[in-house]
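Asks: For reference, the chains in residue letters:
There are 2 protein chains.
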Amino acid sequence: MPDIVRIPAKEMKEMFHTILLNHGLEQSRALLCAEIFTNNSVDGVYTHGVNRFPRFISNIDTGHVNATATPSLKYKFGAIEQWDGNLGPGPSNAVRATESAMQLSTEHGIGCVALSRTNHWMRGGTYGWQAAKKGFVFIGWTNTIGNMPAWGATDNRLGNNPLVIAIPFEDEAIVLDMAMSQYSFGAMELAQMKNENFPVYGGYDLKGELTKDPAAILESRRPLPIGFWKGAGLSLLLDILATILSGGWSTSEITKREVEYGLSQVFVVIDLSRLGNHSLIPTLLHQIIEDYHQSIPQDEKKNISYPGERVMKTRKQNLTDGIPVLKKIWEKIEQL
Amino acid sequence: MPDIVRIPAKEMKEMFHTILLNHGLEQSRALLCAEIFTNNSVDGVYTHGVNRFPRFISNIDTGHVNATATPSLKYKFGAIEQWDGNLGPGPSNAVRATESAMQLSTEHGIGCVALSRTNHWMRGGTYGWQAAKKGFVFIGWTNTIGNMPAWGATDNRLGNNPLVIAIPFEDEAIVLDMAMSQYSFGAMELAQMKNENFPVYGGYDLKGELTKDPAAILESRRPLPIGFWKGAGLSLLLDILATILSGGWSTSEITKREVEYGLSQVFVVIDLSRLGNHSLIPTLLHQIIEDYHQSIPQDEKKNISYPGERVMKTRKQNLTDGIPVLKKIWEKIEQL
Numbered sequence: 001m002p003d004i005v006r007i008p009a010k011e012m013k014e015m016f017h018t019i020l021l022n023h024g025l026e027q028s029r030a031l032l033c034a035e036i037f038t039n040n041s042v043d044g045v046y047t048h049g050v051n052r053f054p055r056f057i058s059n060i061d062t063g064h065v066n067a068t069a070t071p072s073l074k075y076k077f078g079a080i081e082q083w084d085g086n087l088g089p090g091p092s093n094a095v096r097a098t099e100s101a102m103q104l105s106t107e108h109g110i111g112c113v114a115l116s117r118t119n120h121w122m123r124g125g126t127y128g129w130q131a132a133k134k135g136f137v138f139i140g141w142t143n144t145i146g147n148m149p150a151w152g153a154t155d156n157r158l159g160n161n162p163l164v165i166a167i168p169f170e171d172e173a174i175v176l177d178m179a180m181s182q183y184s185f186g187a188m189e190l191a192q193m194k195n196e197n198f199p200v201y202g203g204y205d206l207k208g209e210l211t212k213d214p215a216a217i218l219e220s221r222r223p224l225p226i227g228f229w230k231g232a233g234l235s236l237l238l239d240i241l242a243t244i245l246s247g248g249w250s251t252s253e254i255t256k257r258e259v260e261y262g263l264s265q266v267f268v269v270i271d272l273s274r275l276g277n278h279s280l281i282p283t284l285l286h287q288i289i290e291d292y293h294q295s296i297p298q299d300e301k302k303n304i305s306y307p308g309e310r311v312m313k314t315r316k317q318n319l320t321d322g323i324p325v326l327k328k329i330w331e332k333i334e335q336l
Numbered sequence: 001m002p003d004i005v006r007i008p009a010k011e012m013k014e015m016f017h018t019i020l021l022n023h024g025l026e027q028s029r030a031l032l033c034a035e036i037f038t039n040n041s042v043d044g045v046y047t048h049g050v051n052r053f054p055r056f057i058s059n060i061d062t063g064h065v066n067a068t069a070t071p072s073l074k075y076k077f078g079a080i081e082q083w084d085g086n087l088g089p090g091p092s093n094a095v096r097a098t099e100s101a102m103q104l105s106t107e108h109g110i111g112c113v114a115l116s117r118t119n120h121w122m123r124g125g126t127y128g129w130q131a132a133k134k135g136f137v138f139i140g141w142t143n144t145i146g147n148m149p150a151w152g153a154t155d156n157r158l159g160n161n162p163l164v165i166a167i168p169f170e171d172e173a174i175v176l177d178m179a180m181s182q183y184s185f186g187a188m189e190l191a192q193m194k195n196e197n198f199p200v201y202g203g204y205d206l207k208g209e210l211t212k213d214p215a216a217i218l219e220s221r222r223p224l225p226i227g228f229w230k231g232a233g234l235s236l237l238l239d240i241l242a243t244i245l246s247g248g249w250s251t252s253e254i255t256k257r258e259v260e261y262g263l264s265q266v267f268v269v270i271d272l273s274r275l276g277n278h279s280l281i282p283t284l285l286h287q288i289i290e291d292y293h294q295s296i297p298q299d300e301k302k303n304i305s306y307p308g309e310r311v312m313k314t315r316k317q318n319l320t321d322g323i324p325v326l327k328k329i330w331e332k333i334e335q336l
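Line by line, the protein sequences give chains Z and H.
To convert, note that position 124 of the first sequence is 124 in our numbering; the numbers rise steadily by one, no gaps.
To convert, note that position 139 of the second sequence is 139 in our numbering; the numbers rise steadily by one, no gaps.
Hints are supplied without guarantee of correctness; some may be wrong.
Put simply, identical chains are the same to the list, so a pair is met inside one copy or across any two.
[Said to hold, decoys possible] Keeping only pairs whose Cα atoms sit at most 16 Å apart, straight-line, the calculated EDC-like set for lysine to aspartate or glutamate is:
{"#": "1", "residue 1": "K133", "residue 2": "D84"}
{"#": "2", "residue 1": "K133", "residue 2": "E172"}
{"#": "3", "residue 1": "K76", "residue 2": "E107"}
{"#": "4", "residue 1": "K13", "residue 2": "E196"}
Hints are computed from structural coordinates only; laboratory data are not their basis.
Pulled out of the complex, with its shape left as it was, chain Z reads as follows:
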């Protein structure tokens, strides 16, 4: 295994903040983005936290991410708003879109913000937590560059288009954050580096056979959609919705550009406090999760956990021990 260093969250955030200021983000936005990259890492989502930070900076340097652009409202009707991300940073654009969707839902019960010409939002769960911690239900998704084939096809015309659903629960949240591919390319690269196979099929090899070998999938560039034809279909529909609701670029358009930028995203938020039964919701939720936790595990040493549940343990550990970072990645960041 490669060398790991443990970086305290505070130190990571300050490092990111300084670098972002040096690369043209204004003060409050640099702080917001530094917090998001750090928190994603604290929660164990390193692929969309510390590991991805150098690429974010490089996208600013090449101009694919405009460090100073802010999103602007294009159109509004009732509980729907269409925003132009103006190619600004994906995380700050997504935070802004989530805020607007929350505001709309407070006025109308439900609100929808569709955002065109934005950039990679890193970990989609970030915005789910943002809304759910304040009592809102969040349903959001993004399109991506083509990185997954249609069902039965060999070339990548679909994105893996992550879908996020978040629900307030006790003082925290239940957060599902799932791409439409069984494994991300980040997960494949990590497994390959560790010389490990996946526990279930992750894609096809060059011969068109299903395989658990990450190296074979990286070679064929044919990751497996979740549920085969089902995940491929869901990916297509999420891309279509993001594109037509925002008036932005589809996966097909983004893929023409080689570098992934100018994404389309959707943020649907529901204000639970506006519902007739809002005072009963905590009890309903408690009953569902209590029953779920009574599931009989196949392996009796393993607990059955809901999406987002294990994050709490990782968060606590990383806040105590520092965030584990590949030494060579941290060294790269120190030179940015």
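Go by the hints and put chain H onto chain Z.
Replies: Then chain H, alone, in the frame of chain Z:
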């Protein structure tokens, strides 16, 4: 293979209509339900059309479906309505909920109806087509009785909770209608009857090993969620949302009752004509589908089709040749 008869759609609808009138549905509702069961069969979804009709009648006879109950509005705030299905027929309740969500979306851009105490809506795609054919985007889902385990578990505490997304396209629609299990129990029974294995894993056998044998899955009652932990997580979140938004029963509550009734459902609709870019949407859609159709198929004899595309061919064929029905099922229906 068992004997098949071909029943003209008109004859099937009239037969259903007569039987529904005889079992207590009033005239217009009997006609609506007869049409839905017939159209589902015309579109090739026999498991939620003609094959399921006898069970629908039996649920009326046992009182789990109240033939004369109509849904009532419980609460309204802005673009959200909460309805009580009063245990009426699932299909007519869902049509009503979709109409209300469409109306809300025309007023507010987006509308959400959450429906408690309803019954099985048969083919969820029905309501997707209903909305999309009139120019609306539809996102809806239902919970079900427990029929799928949590990830890593052996007992069925999750439903397969079908999710439907529909988008208007040309004069028809793109309609995704997918349960969270890789195969439905109906598909398992059919494959077992034909003595066929599935092309991909469909669940676990009694030893806890993945299998493509439908008989082994029917024995273990452990179907596979799409994408393993991902589909199980999505199922849980869809159940929670349906339950808290409607104030109805969760899968956990429904499962206590042995017979599946009293479901919770969500209908989110967006009126595309209310968007700033609405006149450009047909072009965007056309571009996406044109690119999608250019996918390179692994098997060059096969076309790459979008969700709902192949339905058109089945529809045309069944309208011309009659709907193929297992002889023993049609004989059973003739005696209802």
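Asks: Give a verdict on every hint.
Replies: Checked hints:
1. K133 x D84: neither (26 Å within a copy, 29 Å between copies)
2. K133 x E172: The answer is within: 6 Å in one copy meets 16 Å, while 40 Å across copies does not.
3. K76 x E107: Intra 14 Å, inter 13 Å, cutoff 16 Å: intra and inter.
4. K13 x E196: Classified as neither: same-chain Cα gap 31 Å, cross-chain 57 Å, threshold 16 Å.
Figure legend: structure checked against the earlier numbered hints; hints not met, in rising order: 1, 4.
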